[in-house]
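The opening position of the sequence shown corresponds to residue 75 in my numbering, with each subsequent residue numbered one higher.
Treat the hints with care, as some may be off.
Claimed, not checked - Derived DMTMM-like pairs: lysine to aspartate or glutamate, alpha-carbon spacing no greater than 25 Å straight-line:
| # | residue 1 | residue 2 |
| --- | --- | --- |
| 1 | K120 | D219 |
| 2 | K120 | E142 |
| 3 | K120 | E195 |
| 4 | K227 | E195 |
| 5 | K90 | D169 |
| 6 | K227 | D169 |
| 7 | K227 | E142 |
Just so you know, these hints were derived from the structure itself, not from any lab.
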Amino acid sequence: MVVAGALLLLVVFGLKAAVLPLYFWLPRAYASAPPPVAALFAVMTKIGVYAILRVYWLVFGDQAGPLEALEQSWVWWLSLGTLAIAGVGVLAARDLRLLVAYLVLVSVGTLLAGVGMRSPEAVSGLLFYLVHTTLVTGGLFLLADMIGVQRGKAGTRLVRGRIPRNATALGLMFLIGSMAVAGLPPLSGALGKVMLMNAGDSAQRLWFWHLLLATGLCAIVALSRAGSTLF
Numbered sequence: 075m076v077v078a079g080a081l082l083l084l085v086v087f088g089l090k091a092a093v094l095p096l097y098f099w100l101p102r103a104y105a106s107a108p109p110p111v112a113a114l115f116a117v118m119t120k121i122g123v124y125a126i127l128r129v130y131w132l133v134f135g136d137q138a139g140p141l142e143a144l145e146q147s148w149v150w151w152l153s154l155g156t157l158a159i160a161g162v163g164v165l166a167a168r169d170l171r172l173l174v175a176y177l178v179l180v181s182v183g184t185l186l187a188g189v190g191m192r193s194p195e196a197v198s199g200l201l202f203y204l205v206h207t208t209l210v211t212g213g214l215f216l217l218a219d220m221i222g223v224q225r226g227k228a229g230t231r232l233v234r235g236r237i238p239r240n241a242t243a244l245g246l247m248f249l250i251g252s253m254a255v256a257g258l259p260p261l262s263g264a265l266g267k268v269m270l271m272n273a274g275d276s277a278q279r280l281w282f283w284h285l286l287l288a289t290g291l292c293a294i295v296a297l298s299r300a301g302s303t304l305f
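With the hints as constraints, model all of the structure from the sequences given.
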């Protein structure tokens with residue numbers, strides 16, 4: 075009964091955090107929501123990740139006996155799957171708000187990998203990266219709305235359209251936001267990713283490094299393409 079309850083909680087929190095395969099609702103919902111709501115949702119999504127961390131580290135921690143680390147294998151592989159699917163979604167997105175929604179999924183997969191590593195070093199990197207990515211993705215939703223309003227009928231669709239009136243200021247903000255969300259140095263996202271990449275054991279690093287770097291590359295390609303089209 076305890077195992078069934080624990081796994082049920084994992085499903086509930088995983089649905090809130092939009093973990094594979096429970097993520098299908100998030101991209102379109104976030105892309106369709108009003109920008110302030112989408113920015114708030116970007117914060118709320120991380121609550122699911124934090125709930126998984128708190129419940130399974132406290133209730134199913136060292137004192138849980140045979141139920142210790144009950145979630146680890148599930149969370150670890152689901153986090154890698156979420157990262158892979160989110161990377162594909164980032165490349166396939168043809169709307170700026172949809173692109174940012176898939177970047178939220180990339181951050182979810184990265185954070186859950188920290189939970190799956192189950193070490194104090196991973197938790198440190200997770201909490202550091204959680205604050206960074208929450209603020210950056212929320213800001214990108216608001217920035218996407220500012221860009222869309224000034225592009226007229228083209229809106230936030232990644233097609234050729236009217237150049238925004240404040241193209242220089244918006245372009246600079248877009249550049250900084252893109253670097254931050256992709257985890258490029260010297261911004262804080264790079265440090266968070268390095269902390270997580272160095273937290274796992276050798277077997278975990280083999281999987282995580284490749285996927286994290288690949289999704290980072292996907293983000294850079296997609297955001298570069300979007301910036302070239304918008305500006």
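Structure-based check of each hint:
1. Distance check on the hinted pair: K120 and D219 sit about 22 Å apart at the alpha-carbon level, within 25 Å; holds.
2. Taken as a hint, the K120 and E142 pair is honoured in the structure, with Cα atoms around 24 Å apart against an allowance of 25 Å.
3. Only pairs whose Cα atoms come within 25 Å are accepted, and K120 paired with E195 is accepted, the gap being roughly 19 Å.
4. Taking the CA atoms of K227 and E195, the gap is about 48 Å. The hint is violated against a cut of 25 Å.
5. Between K90 and D169 the alpha-carbon distance is near 23 Å, which keeps this suggested pair within the 25 Å criterion.
6. Distance restraint check for K227 and D169: the Cα-Cα separation of roughly 13 Å lies within the 25 Å cut-off, and the hinted pair is therefore satisfied.
7. Of the supplied pair hints, the one linking K227 and E142 is violated, its CA atoms being roughly 55 Å apart against a limit of 25 Å.
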